[in-house]
Structures are given as structure tokens and as C-alpha cells.
Amino acid sequence: MSEPDGAGAGVDTAPVETNVPDDVEVDSDAGDSPIEEEVKEVPPGLPLRVQNLRKRFGGITAVDGASFEVEEGSLTGLIGPNGAGKSTTFNCITGLHEPDGGTVLFEGEDITGLNPYDVATGGLVRTFQIARELEEMTVLENLMLAPQGQKGETLTTAVTPGLRGRVKTDEEAIREEVWRTLELFEIDHLAEEHAGNLSGGQRKLLEMARAIMTDPTVLLLDEPFAGVNPTLEEKLLDRIHTLSDRGYTFLLVEHDMDLIMEHCEHIIVMHQGDVLAEGTAADIRGNEQVVDAYLGEDI
Amino acid sequence: MGVTDNTTGRIRGYAARPAVVLLAFALGYLLVDLAAKLAGISVDPLGVHVLGGYVRVSSVVKYLFNGLILGLIIGLAGVGLSMTYSILSFANFAHGDYLTVGAFSGWAASYVVALFTLGLAEPFGEIFLLNVPSVVSIATSPAAVVVGLIVAATASVALVLLLDRLVYKPMRGRGGIPLLIASIGVALALRYTIVFVWSTNTRGVTAVGVESLPAYTLYVVDGSYSINLHEFTMIVAAVALMIGVHVLLQFTKLGKAMRAMADNKALAQVTGIPTERVIRATWIIGGGLAGMAGFLIILKRGVLSYNFGWRLLLFIFSGVILGGIGSVYGAIGGGIIIGIASRMALIWIPSGFARVAAFSVMILVLLFRPAGLFGGVTTA
Amino acid sequence: MSVGGRLWQAVPPVIREHDTRLIVAILVVVSITYMLLGGLQAYLASESNLLNAMVNSMRFILLTAIAYALLTLALNLHWGYTGLFNIGIAGFMAVGAYATYILAAPPGGRPAPGLGLPVPVAILGGMVAAAIVGGIVALPALQLDADYFAIVTVGFSEIVRLSIQDSTFSGTVQDPNLDTYNVVNLFGAEFGTGGGRGIQAPIGPPTDVLFEGTTAVGQPLIDLGASYGIGQPVVTGMTYVVFLGILVLPAYYVVSQRLGNSPFGRVLKAIREDETVAQSLGKDTRWFKIKVFMLGAAMMGLAGILWRGRAGYINPQSFRPLITFYVFTALIIGGAGSNTGSVIGAIAFTSLLLNGPRRVAGVIDSAAGGLPSPSNFYVALSSLDPAMYAGYLVSEISALKFIFVGIVIVWLMQNRPEGMLGHRKEIASSIDLSERPETESGGGVAATDGGVSDE
Numbered sequence: 015m016s017e018p019d020g021a022g023a024g025v026d027t028a029p030v031e032t033n034v035p036d037d038v039e040v041d042s043d044a045g046d047s048p049i050e051e052e053v054k055e056v057p058p059g060l061p062l063r064v065q066n067l068r069k070r071f072g073g074i075t076a077v078d079g080a081s082f083e084v085e086e087g088s089l090t091g092l093i094g095p096n097g098a099g100k101s102t103t104f105n106c107i108t109g110l111h112e113p114d115g116g117t118v119l120f121e122g123e124d125i126t127g128l129n130p131y132d133v134a135t136g137g138l139v140r141t142f143q144i145a146r147e148l149e150e151m152t153v154l155e156n157l158m159l160a161p162q163g164q165k166g167e168t169l170t171t172a173v174t175p176g177l178r179g180r181v182k183t184d185e186e187a188i189r190e191e192v193w194r195t196l197e198l199f200e201i202d203h204l205a206e207e208h209a210g211n212l213s214g215g216q217r218k219l220l221e222m223a224r225a226i227m228t229d230p231t232v233l234l235l236d237e238p239f240a241g242v243n244p245t246l247e248e249k250l251l252d253r254i255h256t257l258s259d260r261g262y263t264f265l266l267v268e269h270d271m272d273l274i275m276e277h278c279e280h281i282i283v284m285h286q287g288d289v290l291a292e293g294t295a296a297d298i299r300g301n302e303q304v305v306d307a308y309l310g311e312d313i
Numbered sequence: 005m006g007v008t009d010n011t012t013g014r015i016r017g018y019a020a021r022p023a024v025v026l027l028a029f030a031l032g033y034l035l036v037d038l039a040a041k042l043a044g045i046s047v048d049p050l051g052v053h054v055l056g057g058y059v060r061v062s063s064v065v066k067y068l069f070n071g072l073i074l075g076l077i078i079g080l081a082g083v084g085l086s087m088t089y090s091i092l093s094f095a096n097f098a099h100g101d102y103l104t105v106g107a108f109s110g111w112a113a114s115y116v117v118a119l120f121t122l123g124l125a126e127p128f129g130e131i132f133l134l135n136v137p138s139v140v141s142i143a144t145s146p147a148a149v150v151v152g153l154i155v156a157a158t159a160s161v162a163l164v165l166l167l168d169r170l171v172y173k174p175m176r177g178r179g180g181i182p183l184l185i186a187s188i189g190v191a192l193a194l195r196y197t198i199v200f201v202w203s204t205n206t207r208g209v210t211a212v213g214v215e216s217l218p219a220y221t222l223y224v225v226d227g228s229y230s231i232n233l234h235e236f237t238m239i240v241a242a243v244a245l246m247i248g249v250h251v252l253l254q255f256t257k258l259g260k261a262m263r264a265m266a267d268n269k270a271l272a273q274v275t276g277i278p279t280e281r282v283i284r285a286t287w288i289i290g291g292g293l294a295g296m297a298g299f300l301i302i303l304k305r306g307v308l309s310y311n312f313g314w315r316l317l318l319f320i321f322s323g324v325i326l327g328g329i330g331s332v333y334g335a336i337g338g339g340i341i342i343g344i345a346s347r348m349a350l351i352w353i354p355s356g357f358a359r360v361a362a363f364s365v366m367i368l369v370l371l372f373r374p375a376g377l378f379g380g381v382t383t384a
Numbered sequence: 214m215s216v217g218g219r220l221w222q223a224v225p226p227v228i229r230e231h232d233t234r235l236i237v238a239i240l241v242v243v244s245i246t247y248m249l250l251g252g253l254q255a256y257l258a259s260e261s262n263l264l265n266a267m268v269n270s271m272r273f274i275l276l277t278a279i280a281y282a283l284l285t286l287a288l289n290l291h292w293g294y295t296g297l298f299n300i301g302i303a304g305f306m307a308v309g310a311y312a313t314y315i316l317a318a319p320p321g322g323r324p325a326p327g328l329g330l331p332v333p334v335a336i337l338g339g340m341v342a343a344a345i346v347g348g349i350v351a352l353p354a355l356q357l358d359a360d361y362f363a364i365v366t367v368g369f370s371e372i373v374r375l376s377i378q379d380s381t382f383s384g385t386v387q388d389p390n391l392d393t394y395n396v397v398n399l400f401g402a403e404f405g406t407g408g409g410r411g412i413q414a415p416i417g418p419p420t421d422v423l424f425e426g427t428t429a430v431g432q433p434l435i436d437l438g439a440s441y442g443i444g445q446p447v448v449t450g451m452t453y454v455v456f457l458g459i460l461v462l463p464a465y466y467v468v469s470q471r472l473g474n475s476p477f478g479r480v481l482k483a484i485r486e487d488e489t490v491a492q493s494l495g496k497d498t499r500w501f502k503i504k505v506f507m508l509g510a511a512m513m514g515l516a517g518i519l520w521r522g523r524a525g526y527i528n529p530q531s532f533r534p535l536i537t538f539y540v541f542t543a544l545i546i547g548g549a550g551s552n553t554g555s556v557i558g559a560i561a562f563t564s565l566l567l568n569g570p571r572r573v574a575g576v577i578d579s580a581a582g583g584l585p586s587p588s589n590f591y592v593a594l595s596s597l598d599p600a601m602y603a604g605y606l607v608s609e610i611s612a613l614k615f616i617f618v619g620i621v622i623v624w625l626m627q628n629r630p631e632g633m634l635g636h637r638k639e640i641a642s643s644i645d646l647s648e649r650p651e652t653e654s655g656g657g658v659a660a661t662d663g664g665v666s667d668e
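Respectively, the protein sequence lines represent chains A, B and C. Going by our numbering, the first residue of the first sequence is number 15, and it counts up by one from there. Going by our numbering, the first residue of the second sequence is number 5, and it counts up by one from there. Going by our numbering, the first residue of the third sequence is number 214, and it counts up by one from there.
These are computed hints drawn from the structure, not numbers from a lab. Check before you lean on any hint, since a few could be wrong.
Stated by the list, open to error - If you only want the chain B side, here are some residues facing chain C, beta carbon under 8 Å, derived: (1) P174; (2) P354; (3) L370.
What the hints assert, rightly or not - Here are some of the chain C residues that sit facing chain A, going by a computed Cβ distance under 8 Å: (4) P476; (5) G478; (6) V480; (7) K482; (8) A483; (9) T489; (10) I640; (11) S643; (12) I644; (13) L646; (14) S647; (15) R649; (16) P650.
Unchecked claim - Label-pair distances were calculated between CB atoms; the ranges are: (17) B:T204 <-> C:D598: 19 to 27 Å; (18) B:Y58 <-> C:G525: 39 to 47 Å; (19) C:N628 <-> B:S364: 37 to 45 Å; (20) C:R323 <-> B:S364: 30 to 38 Å; (21) A:G179 <-> B:R169: 52 to 60 Å; (22) B:L165 <-> A:L198: 50 to 58 Å; (23) B:E280 <-> A:E200: 41 to 49 Å; (24) C:L399 <-> B:S364: 14 to 22 Å; (25) C:G583 <-> B:G208: 28 to 36 Å; (26) B:F29 <-> C:G348: 22 to 30 Å; (27) C:F400 <-> A:E207: 52 to 60 Å.
Note that beta-carbon positions come from the ideal geometry of N, C-alpha and C, so glycine has one too.
Bound-form chain A, shown alone (with noise of 0.2 Å):
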């Protein structure tokens, strides 16, 4: 479509990493729950929040007013049951649909309706409930590719003959970085290998480790133990509880509540298109809206 390219993306996004404390006074609820966290030194704010949020898909009601928001260095898990809305949400908040309704605001800004890429640069970055690798290149590529800003993006940068040096510098410490990140998800012996040749759990690693290497400041995780072994899935867990305690904000969507009982702090639970409860694990068990909604599933 011809709208007038990049010109949009760039006014949103910039301010994005300095203005965390801005919206830290406005929410006086952000202390509830306390997080456990030595590499913070800002107090902990909401770096998301979802208000009000609707979208529709032809006559059917996909979410109807949800909100809800995610407090910062947290690890807040988004359940419900079958069709309850959450996939939607998360595409509504990632700019993969554009809401019908409502505001989706990251670190203050408002991004509703915002492109993905805009999302993601500014440091809200998500997998994909199917992991969506890129088949045809290699593990190390499809980590290369993650940073944002890398200075041999540009046609210029990588053609012309003089400017290959910076491309060529900038291009070994990221391969640094991934190497340490290959190690940190235990996938380094992998490295070469096509994407396309790993195993389903070995994808959900890789996208994480991918989701990783863009330095986002929160991360949206979409089922990120479906069809996972249990193995794999232990280490998953580590992998998300060694960066939550680096800092970054999870919220991951999950079908299998217990695990989601076991490991969230905080916990969102969605049906019918809105948000049903909000609170601890506990919190969550005692709400008889929700072991209602979840027809005597047990919780």
C-alpha cells in the first residue's frame, strides 16, 4: 500500500527506552505483587497495558473489551479457555490485526494499531504459538538476524566497498552475542543446521533465543510449551526464569494451567473475549467465575 514508508514508524519509537519511569505514578497499584529483582534499578513500572481492547472478525466477537496490564521484570501468564480470545489479544497488541477498539500502550507510548515492525523495534517482541523459523537458514542466521539496527541493513552499507569494514566489525560482535546466546539455550551444537531440520521443541528454543537477540524489553511468549517434551520443557522454563531474574518482562499465553499456576506471579485470565480475573495463583483458585468458565476443569 502506498503509505508513506518508515515516516510514521520513526516518531514512535525513538523515545521508547528513556521513558520507562514516565507512567510509574500514574498506576498506584503497580506495587502489589513484589518482584524479586537485583538488576532493576528503576522502580517497577507497567510497561504494558491493554485497555479496553476489541476486534471482531466478521459477525464473531474475537475480544470484547479486555484489559489488563503487565507489570515490569514480572512474569504474567494470559490463560482461558479454547477461543477465549488470548491468540488475539496477542496479535491485536503485537499489530498482527488492528484492534476494532481500544488502546495498547508500551512504555507509555501509544502503539495500537502500530505496524509489527514499529512494535517490535520498540521492544515489545513476540514468538508465534506454531514456532515460525526460518526454515532455510541456519540457526546462527536466523540469530544474526534478530538485532535491531545493525549497520549492514542498509543497500549502501553492504554493497558499497569502503563501508564493508564497519558491516564486518558491527557483524562480529553480534556473532559474539549469539554464540553466547546459542550457549545460554543450549542449542550451540546446533549452529549450522538449518532451522528447518530441528525438532519442534528445538524451534521453540531457537525462537526464543531468536526473540532474545532483538533486546526487547518485553516478551510475549504464545504457548510457548505446546508440543514441547517435558525435558525441553524444563529447560524452557529455566531459560525463562534466568532472563526474568536479568530483568525482562514476560507474558507468555498458556493452555496448560498448571504450569502456569506453578510459575507466574501474576495471572490474567480471559473468556469470552474479556478479562475474567487478574491475580496470584492462589487468587486465581479461589475464583469461582473462573472454575466456572473452566466448566470443572480442574485448576
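Starting from the structure of chain A, add chains B and C where the hints point.
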């Protein structure tokens, strides 16, 4: 569409709107201009030509009629393209050459029949290779035309079924682009197989002259427009075939299944990969219609060349896209609109650019209404 | 494929594992083969000047192969790397060449007037024009699926073709008093496309400079050729081919390689694989697509100028839509996504499919001392005479060639969609990624894999 209360400052959704407004404005201007031209009014304030001028009513009628005739053929040929596009998920670039195959096989059969019914003296080889100019007329040899049409349909059906078995079936589910490329290969092979047999010569096949080809003259306000028996036959046949398709799709079980799969991709996905039976039926109907469309357009045009189908292909695509891919009625409607638009455009632009106008419309529709003019709203 | 596999294994590793050497080796083989074929045909036809025919045969195949290699490399940027399915190649070639010719044609020239600019400026202008048009055509690619985009590019190509062959802008009637006056006047600059009559401009192979007057380089070359009976046109033509082969083709190749092996190329690859993922990682894929499309279009435009526009005259027939499908076939043979594959595919296509059948038919025809030439298919078929069949096949070799190309396309898509050379590992990075930084786990420098294993 503008039913949502879009409170967000998103450009994506809005970009289409000014374009639609602009298009509506342009169309409105053209209509007013046409009215002024027909009335012979020219509006030139301060010496700048704004609109109007002069055009004969009879010319407009002629353009309209020619456009309709072309449009019927495009629509007829488009039915198959639209259905295969939707059901098998690929743009079949060989579809235009199905018309060519239908035309050559049909006209060769027509000539052979005429050889006997008209008692021609030429040797069989020359007749079969269509090297004798201007033989067949529906007035003098109706059987030749009827047999030709039947052979055109049969031959193209046989051909598409064979092609499906050899080319497309082994590639089911391989994605749109590999199939599209394969269809380009098929198109080349078909076209030059025809060249191998019939050469690249362009030849006249229908009889000319008033005795063998009667024409009816319609008198309009400031002139006349004549339509000959072949054009009339073509219109009748095309409309009959369209009604046939309609009956088939509406009242048979197979037709309903095909329509459901073609119309609604989601449904097709839910019900799984379309069955081979539906695919075969799609090829038979689409291929048969394409072959007959190829035969019929030559009946109207009178001249036959090895690449006419390829040249029509983009027109057919335009019609299908305009009508919305997967919609049978859309393909017919879109084809008629493209046909009429490309002829009516001659009122404003030089003849060399009529096709340019048609293709531009196609590109604009793809950009702003990818679901087609009659289609609903698509989500991503 | 075992025969092909064994043949491939028979190639010495020194050549096989080194892309440029491989390309050069294939070019040498093709050159020699065509020299022999050309010589054989001339010999059988009892021509006196064998060497001239041999060199000319080689010149022709090399020119065609290099021209297609340039186009295939450009298409590889669009389709191979980025997945932009462009089947409007002939259109971009025409835009580049026509813009150049219009800029360079003399004012008041025939058949159509131009702006009379210096040729280098005109060529630059032609490339810019192709790039700009490419940028516009790329806009639909921002939101359309690959197959819809394919239809858009075909439509574009047809629009270009119809526009240049129409008389409305042809400039062939330069008398303003006539009704049919058709010179385009853009802010005082008068020009035309020439319509069906084509357009002329003082454009020729840059290497012709060498042969003007009695220069130090040109004259000895002509003398050398003459001493072996090789005519001057063949000598100058061959010089131009050498220029294309040692300057232009390497330039295209290097640009493509650098682009591919860079972070930019990595994003292109990601767009091809899954654009949503690229976007979710913060890549503004729109600009990447537009930029690469503009670059590829400019490269197609330049190839159009250097190849079809090398002789000072072009017309709409110089840019037949079939060229587009030829280039596609070449890229499919070589394997989309690989630059080396692009070049090899172009050489294979031109030497085996495009010119091979005609050459071989020519040799057969000469060898058989004039086969019978049946006047048409029916005569040949009903004769029940093998000689007549052979004669008809030879005389219809150009049609057979197209049928064969079509079958090859289908066969490749069914059996070898990744190309005849198989999957080629070309890692999108300017550095060796497998080089592992020193860590406590003691990885050190990992052994790099040399691509195809050599048992």
C-alpha cells in the same frame, strides 16, 4: 468497509478509502463527460477543455456491444480460471492456451465437417491444417459449427484432464508458486505444440460476405450498428453455457460442493483438501468452458492465430480478479465489466491503450479491493 | 541422476569447490563446444572460412549466455533472495533501454526524436528510470501474495509493451501542423518512442572506441583476426563480449554476492521465508522489498541496454515477453537463491536449451546433405517416411525448442525445484559465522565445512 468504529490512528485501513473516493469521482466524471459528449456539448471555460466534445451515439452502442461480446467470452473463460485458482490455489498461466487448443481442435473439426457438407475440393491435409481461408459459416454449414463446438469442448476437457494427471496431480499441495511456474511451462509446451502442427500463420476461418454470413442492422439515433449471425450465435451460445453452469452449480450436489469449496476457502480447509472428484469436476467444467470460449471467440473474430489465448489470458485474469477469485458469478460479471470497459475506454483513449486501461483497472482492484468488486471484506 | 552425479564427481575438486573457477570452466567448455559445432556446420556446408564461423559461433553463445546471466542474477535478487515473484523482466529491460535511447537519440532524429544527451548520462538515466518504475511496481508487493504480485508484474510488462508499440507517443510524425503529430512534449523536451518503427540513437558497444581510426589496440586485433581469416565484425563483436565477460558480469556477480552475504541480504532471506517473522523481529520489510526491487529493476534495465540495445537500434520486438520466461527457466535450472547457480543456470539454459537445439539441427541438416522439407505437418505425417519426419523436425526446431523448454520447466518443478545444482549453502553474512568466540567451554574455532563433501 467503513462499519467499524475505528478510533485508532491507523493508516492501513484508511488508505483504501481515498482511493475508492477517487475512483468513484473519476467514474462520475467519465459518465458526465460521456453524457456531454453524446449531447454534443463541450465545456471549455477560459479556453481550457474540461469535458464534453462529441461522440456518435451509434459509436457508443457499437463499443458497448463489442465490449459485451468480448466480456461474455472473458467471463466464460474466467469461470474455469477462477475455480481452479480457488480450489487448487494457484494462478493457472496455461488457461489462456486452453482456449487456443479448444479453438484449433474445434476449428479443425469444423473444417473437416465442412469438407463433406460443403463438398469442398481441397485435399484433406489442407483442410485439417486450416490452410484454406474462410470456409465455415453457420448459415451454410451449421453442422460444422455445432460439431466444432463439441470437439472444442471434448478436446480441451481431455487435455486438461491429461495435464492434471501428468503435471498438477503430482504437485498437489506444493504451494501456489511451484504450480504457477509449472503452468507457465505447460503454456509454452501447448502453444508451441500447436505451432508445430498448425504453424505460426494467422488464418481466417469463417466465411465472409453477406450471402454466407447474414447480418442484421440496428438503426440508432445517428447511425447504425450491424450484428452478424456469428456474433448472434456466439452470444446465444455463451449465455446458454452460463445458464448451464448456473444450473449445474445450483441444482446438483457436485455443483454445490464445488461452489462451497470455491467460494469459501475457510470451509474448504475445514473439510480438508478437496477430493479428487471435485478437482476433476472443476477441471472438466473449467477446461470445457475454456475450450468452447476459444472456439466461440474465433467464430466472432473470424481469424485464428496460435497465441490469441495467451494474449487473452491477462484479460481473463482481470475479469476474475475484478469479480473476486473463487466466485463463479463474479468471474462472469467481472469478465463482462472488463470487456465493456476495455471497449468503452476507446471513447477517451487511443485504441492501443484499451488493454492498458483494462490492466490498470485490474492492478488497482488488486490493490484496493483484493476480494473483488462484489466480494466481501477480507481479513488479511 | 547417477550419470550426472558421476560426471559431477569427475570434475576436479580444484574447480568444483571454487565458484568462480567453476563458472569460468563451464564457459570455456561451452565456448569450445560451440566453436566445434560452428566449425562443423561450416565445414559440412563447405564454407571456406572455418575459423571465422567458429569464432562467431563462440561469440554468439557467450553474448547470449552472459546477457542471460546478468538478467538471472537480477531476478535472483527479486525472487531467489526476497521471494518477490517478478514476471515482468522484459518490461524492466524495455523501460531501461527505451529511457536510455530516448535520452540519447538526437533531437529531430528519425524515426523518433530524443533529447540528445551524452550516452553515459543516458545510460545512467535509463537505469534510474528502471529503478523508479521498479519502485512503483514494488508497491503492490507490500501487501499482495506472491501469485497476485506475479499477475501485477505481468500486467505491468504488458502495459509497457503496449505503450511503446503504440503510435500515440511514437514521435514519428514530427510536423506539428499535421493531425497525426505524435511527438511527446514534456516541459519543452520533445521525444517519442518510435512506436512499432523502433528508435535509433548513437549507442554502440563501448569497446568500439578501440577500433576507431588506427588505434594501438584495435588495429593489431583486426590485423590478427584478418591473418586468420576472421572478419572485423566478428573481432569487434568478440571484443565487446570479452568486455561484458570480464567487467560487467563480475560486477553484477560481486554486487549480488555482497548483497546476499550481508545483514541486508539476511533480512531479504527472512522475508522470503516468513515475512511475518521478519516483521516481528522489528524489520521494516517494506523498505527492504522496495529497495531490492529497485536495484534488481535497474540491473535488468542495464542488461537490456547492454544486450538488446548494444547496436544503436531497438524496437518493441527487442523485448518480447518470452525473455521473461527464459530468464525464469535459467534461474530455476541454476537454483533460486544462489548467485553462482544463477550464472551457471543461465549458461546451461542458453547453451543447451535456447541455442543448442538450433545448432544441432543445423549440423544434422548439413550432415544429411539437405533433408527433405515437407511443406507442413500433414504432408510430413502422411508420408510415412522417416526422412520426411526428420526433415520436418529439423525445420520446426524452433517450435520444438519451446515445447522442450516447457517440459523442462515442468520437470524441474516436479523433480528438482531447488535447481539442478541442488541446495547450495550460501550463508547470509559478511563474516564466517561458524567462527566461535573463545569461551570457557573451549569451543575455539569450529572447523568450517567446505560445502559439498568429497568422500
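Going through the hints against the structure:
no. : hint                          : verdict
1   : P174                          : holds (6 Å)
2   : P354                          : holds (5 Å)
3   : L370                          : holds (6 Å)
4   : P476                          : holds (4 Å)
5   : G478                          : holds (7 Å)
6   : V480                          : holds (6 Å)
7   : K482                          : holds (6 Å)
8   : A483                          : holds (5 Å)
9   : T489                          : holds (7 Å)
10  : I640                          : holds (6 Å)
11  : S643                          : holds (5 Å)
12  : I644                          : holds (5 Å)
13  : L646                          : holds (4 Å)
14  : S647                          : holds (6 Å)
15  : R649                          : holds (5 Å)
16  : P650                          : holds (5 Å)
17  : B:T204 <-> C:D598: 19 to 27 Å : holds (25 Å)
18  : B:Y58 <-> C:G525: 39 to 47 Å  : holds (44 Å)
19  : C:N628 <-> B:S364: 37 to 45 Å : holds (39 Å)
20  : C:R323 <-> B:S364: 30 to 38 Å : holds (31 Å)
21  : A:G179 <-> B:R169: 52 to 60 Å : holds (57 Å)
22  : B:L165 <-> A:L198: 50 to 58 Å : holds (57 Å)
23  : B:E280 <-> A:E200: 41 to 49 Å : holds (46 Å)
24  : C:L399 <-> B:S364: 14 to 22 Å : holds (20 Å)
25  : C:G583 <-> B:G208: 28 to 36 Å : holds (34 Å)
26  : B:F29 <-> C:G348: 22 to 30 Å  : holds (26 Å)
27  : C:F400 <-> A:E207: 52 to 60 Å : holds (59 Å)
When each numbered hint is compared with the structure, no violation occurs for any of them.
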